[in-house]
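Colleague: Residue numbers for the sequence shown follow this note's numbering, so the first one is 29 and each next one is one higher.
Be careful, since some hints might not be right.
[Claimed, not checked] With a straight-line Cα cutoff of 20 Å, these simulated DMTMM-like cross-link-like pairs (lysine to aspartate or glutamate) come out:
no.: 1; residue 1: 169; residue 2: 120
no.: 2; residue 1: 169; residue 2: 115
no.: 3; residue 1: 169; residue 2: 57
no.: 4; residue 1: 125; residue 2: 115
no.: 5; residue 1: 125; residue 2: 194
no.: 6; residue 1: 169; residue 2: 100
no.: 7; residue 1: 169; residue 2: 141
no.: 8; residue 1: 169; residue 2: 203
[What the hints assert, rightly or not] Listed next, with one range per pair, are the computed distances between beta-carbon atoms:
no.: 9; residue 1: 124; residue 2: 276; range: 32 to 38 Å
no.: 10; residue 1: 117; residue 2: 210; range: 50 to 56 Å
no.: 11; residue 1: 132; residue 2: 244; range: 38 to 44 Å
no.: 12; residue 1: 141; residue 2: 161; range: 33 to 39 Å
no.: 13; residue 1: 308; residue 2: 126; range: 35 to 41 Å
no.: 14; residue 1: 242; residue 2: 203; range: 19 to 25 Å
no.: 15; residue 1: 196; residue 2: 100; range: 20 to 26 Å
Since the hints were derived computationally from the structure, they do not count as laboratory data. Bear in mind the structure is a predicted one, so any value in this text is a computation, not a measurement. C-beta: ideal position from N, C-alpha, C; glycine also.
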Amino acid sequence: MTNRIIISSLLSIVLLTLICGCPELNSPDQPQLVETNSSFTPTLTVLTDDGNETDRLFNFAVQLPLGWSVNDSVQFEGEMSGVFVYDSLVSDSASFKWPPPSGYFWWGATATDSVTFIPDDSVVMAPVIYTGNEGGFYTIKYRVGDNLWYSSGYGGGTSGYLFLSESDSLIVGTDLSPLSGNVYVSPDGTWGGSGMSNDPLKTVIEANNRIFADVNTPAVIHLANGAYSSSSTGEIFPIELDSYVSLSGASVSDVIIDAQGQSTVVSITNSENVSLSNLTLTGGSADDGG
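Assemble the whole structure, with the sequences as input and the hints as a guide.
Modeller: Encoded structure:
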């Protein structure tokens, strides 16, 4: 009964406000880069609106990578407050309806008490999430429902039906210290490496997120020969280059950055002194160009 109750709180409140009025969920304040075998604490805030609904008992499920956990008891606080605990029925329901991909699992929970809606309130939570020992790019999915939705017949009669769905992603590595100057990337590299020529990173997205560059310290991401895509290296698109960051491939014919039709390959918006050389971009998909 490992712990993972974190965003349950957040999403239960999101559900509550969706039922009762027009909610506003502020973007989570959390890092994009997190080290392996460590923890991070996102701050999550939900603003509610007018409404009169009361006494809902919430359940939720979180899809996490194997080996991750969340602190045992997570409270949501404000005029509305409560605690979530593990519920095997919710866990099994989520796993049955939305089978997790390889390397992930669903963990479900139910609030210990029903929650009374308070209009014009803000609810804040700061759960502690613990990462595992494997680096990579991870997407965490959340689903939320409540007892009244289930008893009213929503969800096709599936016990523990979870109506709302949200997700967020982050990069995990062994060493995520800032990088500058010349940074090296290779399909044979590792997540959370040093970015040196003898210890290259695995993806452009990690290099780009860790790089610091300005007019006095421009940076170059050097790409070794190979294919860079979601399916082959875990690349995330579009690659959004900031000012004074350039991409340089080892060979125009052998360095392939392939978005595989998912989105734009590279995005350069309001950036200056950016260049791309000795590489091939392919597989872009966008309304105004790839």
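Colleague: Against each hint, give a clear statement of whether it holds in the structure.
Modeller: Hints, verified against the model:
no.	hint	in the structure
1	169 to 120	15 Å, holds
2	169 to 115	17 Å, holds
3	169 to 57	17 Å, holds
4	125 to 115	16 Å, holds
5	125 to 194	16 Å, holds
6	169 to 100	19 Å, holds
7	169 to 141	24 Å, violated
8	169 to 203	25 Å, violated
9	124 to 276: 32 to 38 Å	49 Å, violated
10	117 to 210: 50 to 56 Å	54 Å, holds
11	132 to 244: 38 to 44 Å	43 Å, holds
12	141 to 161: 33 to 39 Å	36 Å, holds
13	308 to 126: 35 to 41 Å	37 Å, holds
14	242 to 203: 19 to 25 Å	23 Å, holds
15	196 to 100: 20 to 26 Å	22 Å, holds
Violated hints, in rising order: 7, 8 and 9; the structure is consistent with all others.
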